[in-house]
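A.B. asks: Construct all of the structure, not just a fragment, from the sequences and the given hints.
For the protein sequence lines, the chains are Z and R, in the order given. Using the numbering used here, the first residue of the first sequence is number 509, and each one after it goes up by one. Using the numbering used here, the first residue of the second sequence is number 509, and each one after it goes up by one.
The set of hints was computed from the structure by calculation and includes no laboratory data. Careful: at least some of the hints might be erroneous.
You can't tell identical chains apart in this list, so a pair holds if it fits in one copy or across any two.
[Claimed, not checked] In silico SDA-like pairs for lysine to any residue, Cα to Cα no more than 25 Å straight-line:
1) 819 / 538
2) 850 / 804
3) 819 / 853
4) 753 / 629
5) 627 / 820
6) 609 / 739
7) 850 / 792
2 protein chains.
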Amino acid sequence: MSKHLVIMAGGIGSRFWPMSTPQMPKQFIDITGCGRTMIQQTFDRFGGIIDIDHVWVVTSASFKDIVADQLHGINPQHILLEPCMRNTAPCVAYVSWKIQKEDPEAQIVVAPSDHLVMKVSEFKNYIKKGFDFIAKGSRILTLGIQPSRPETGYGYIEQGAMVEEGMYQLSAFKEKPDLKTAIEYIQKGTFTWNSGMFMWSADTIVNELRAYAPGIAAIMDKILPDMFTDKEQQVVNELFPTCEKISIDYAVMEKTRIAYVQPAEFGWSDLGTWGSLHTLTPHDDSDNAVIGDSVTVIESQGNMIKVPNGKRVVIQGLQNCIVSEHNDVLLICQLSQEQRIKEWHD
Amino acid sequence: MSKHLVIMAGGIGSRFWPMSTPQMPKQFIDITGCGRTMIQQTFDRFGGIIDIDHVWVVTSASFKDIVADQLHGINPQHILLEPCMRNTAPCVAYVSWKIQKEDPEAQIVVAPSDHLVMKVSEFKNYIKKGFDFIAKGSRILTLGIQPSRPETGYGYIEQGAMVEEGMYQLSAFKEKPDLKTAIEYIQKGTFTWNSGMFMWSADTIVNELRAYAPGIAAIMDKILPDMFTDKEQQVVNELFPTCEKISIDYAVMEKTRIAYVQPAEFGWSDLGTWGSLHTLTPHDDSDNAVIGDSVTVIESQGNMIKVPNGKRVVIQGLQNCIVSEHNDVLLICQLSQEQRIKEWHD
Chain Z
509 MSKHLVIMAG GIGSRFWPMS TPQMPKQFID ITGCGRTMIQ QTFDRFGGII
559 DIDHVWVVTS ASFKDIVADQ LHGINPQHIL LEPCMRNTAP CVAYVSWKIQ
609 KEDPEAQIVV APSDHLVMKV SEFKNYIKKG FDFIAKGSRI LTLGIQPSRP
659 ETGYGYIEQG AMVEEGMYQL SAFKEKPDLK TAIEYIQKGT FTWNSGMFMW
709 SADTIVNELR AYAPGIAAIM DKILPDMFTD KEQQVVNELF PTCEKISIDY
759 AVMEKTRIAY VQPAEFGWSD LGTWGSLHTL TPHDDSDNAV IGDSVTVIES
809 QGNMIKVPNG KRVVIQGLQN CIVSEHNDVL LICQLSQEQR IKEWHD
Chain R
509 MSKHLVIMAG GIGSRFWPMS TPQMPKQFID ITGCGRTMIQ QTFDRFGGII
559 DIDHVWVVTS ASFKDIVADQ LHGINPQHIL LEPCMRNTAP CVAYVSWKIQ
609 KEDPEAQIVV APSDHLVMKV SEFKNYIKKG FDFIAKGSRI LTLGIQPSRP
659 ETGYGYIEQG AMVEEGMYQL SAFKEKPDLK TAIEYIQKGT FTWNSGMFMW
709 SADTIVNELR AYAPGIAAIM DKILPDMFTD KEQQVVNELF PTCEKISIDY
759 AVMEKTRIAY VQPAEFGWSD LGTWGSLHTL TPHDDSDNAV IGDSVTVIES
809 QGNMIKVPNG KRVVIQGLQN CIVSEHNDVL LICQLSQEQR IKEWHD
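C.D. replies: Laid out in structure tokens, this is it:
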């Protein structure tokens, strides 16, 4: 049995405009200024566990070259191009059928391409433990993030009985709660955040999709003969759009009887907002988070500043703002108004 | 008698950083976004009065190519390069000696390169009237700007008896006053702002410099034989730095007995501050002055925004700030703190 990594990289990251654009969304950007893009960091944190030969990326056709460029050495056959967005179930199905064809013994971890993990060694331990767990039988494992606050922006996973140390039966998926409900979840202590990370064998997920998403499975069976051939993309372009638009959570996770959850804590953030980036970036004494190596900040408090390295910037007398420059587009706005950024794009 | 224009272009414009830099100061920049730089606008407003053949520029050696580029068709012999800044008297002396050598009958108007004139046809009338006035005898004429407020940032000119319609004897130069004094000047009605614009014949100013600045005159007499030769710059580089550092106001205007003032009103500004640019630029309903054709301003008041055309900028929730981007340098600061911009340069 060999281990494979599937990176889901189809997002458009519109909340981080102008840094993230439809042409170069969040996952392909070095958001934190560490020198590696989000998808590169995602790959890096599986180092020592999964070889580049066993890395798969599902993304949009327009990002093919970016993926090949950023994940140097990836097998071009492992970059799967969705002709349109059909949520996560068809995406997972496509890559699972294809992995199974190449490696019927494959064990798989699925990870979003644009999340942040700050405690990488802890992360690796959870992943290794997860692989051990799914090797013991036909099991679907999710990684649940130990919540640090009653967040209303995430879905939650309710855990049931413990089946072994650190592993629980998955009792229920919960939609994004209101604040009162979120507080109850935190108090109960049996709820974790749904991180969108899954582990399973190729056999297991293909079987579960056959059982609970037979329409999608039938389409994948039609594509299967042409996988790894010159005709693959053409057939995918034709048939993939006919898949039902449904998440893997709805299609499989809520129905399957073999779902488990491993609560985890590894300094996770989905970096979904400028505010979360502000929280996670080192601050100066005045609560300014600055990414960019040529920025001078004077008499300013609580700002999130993200500009290219080398860009000379002087900021004086600014409070609680986002200042972001990318590709010669400049945004200055109140941090509290960031949910409106989408309205301001061209 | 033919008419000559001397443009004084040695300034460094450091208050408008980052738009204005030591390498490309204010006078060589299209500050107002009209499509012409300040020195080009200065030249333009003498159109129909003075030919390009009779235009002279005194500037620093480092700006030679910029001047030649921006004032297309200027005689390269008419670009005078100061090896160092010695205030205005040596500068005026150098160009006056040189003009006199080329054209002993020359009548001259001297103008700063970085001021704004909004009523150009009125301006032309004042200049024409000024040339008529100095043609009548050995006279030095200054243009005094009718003050619109008790400004403490300018010097003032006190006028004496009227000698003909609109022309007065120059009674006194006054240093930048305190507010109380400035209010008195305004109330008296016989004070105008010193615009730094002068009109005289070459003979007159050379004679007055001989009388009141004999040291500088002696140095110019030494340079004179090499003017218009290959040796000129070498000799200037050697002798010009030995000139006393003194303004034409102190050296000549305060001593001469043939000084006159023509009070004028032609929408003048020295554009000395971001605040003055803010005042003079058209505003939106929220008092934002925007120069730049791809700027969106939302829920913001009282800002001065100056970015290159084509630069996409979104600004939300910003009050009373300067936002200036130039040559990939970005400044955001409180408009009220603009006098500190010099401190923030590299």
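A.B. asks: Look at each hint and say if it fits the structure.
C.D. replies: For each hint, the structure was consulted:
1. With identical chains, the CA atoms of residue 819 and residue 538 are at most 25 Å apart both within one copy (15 Å) and between copies (22 Å).
2. In this assembly of identical chains, the alpha carbons of residue 850 and residue 804 lie at most 25 Å apart only when taken from different copies (14 Å versus 28 Å within one copy).
3. Proximity of residue 819 and residue 853 under a CA criterion of 25 Å is satisfied in both settings, with 23 Å inside one chain copy and 14 Å between copies.
4. Proximity of residue 753 to residue 629 under the C-alpha cut-off of 25 Å is found in neither arrangement, the shortest distances being 36 Å within a copy and 68 Å between copies.
5. Within a single copy, residue 627 and residue 820 get their C-alpha atoms no closer than 32 Å, and across copies no closer than 37 Å, so neither meets the 25 Å cut-off.
6. Taking the shortest Cα distances, residue 609 and residue 739 sit within 25 Å of each other inside one copy (16 Å), while across copies they are farther apart (84 Å).
7. Proximity of residue 850 and residue 792 under a CA criterion of 25 Å is satisfied inter-copy only: 24 Å between copies versus 28 Å inside one chain copy.
Violated hints for the displayed structure, listed by number in ascending order: 4 and 5.
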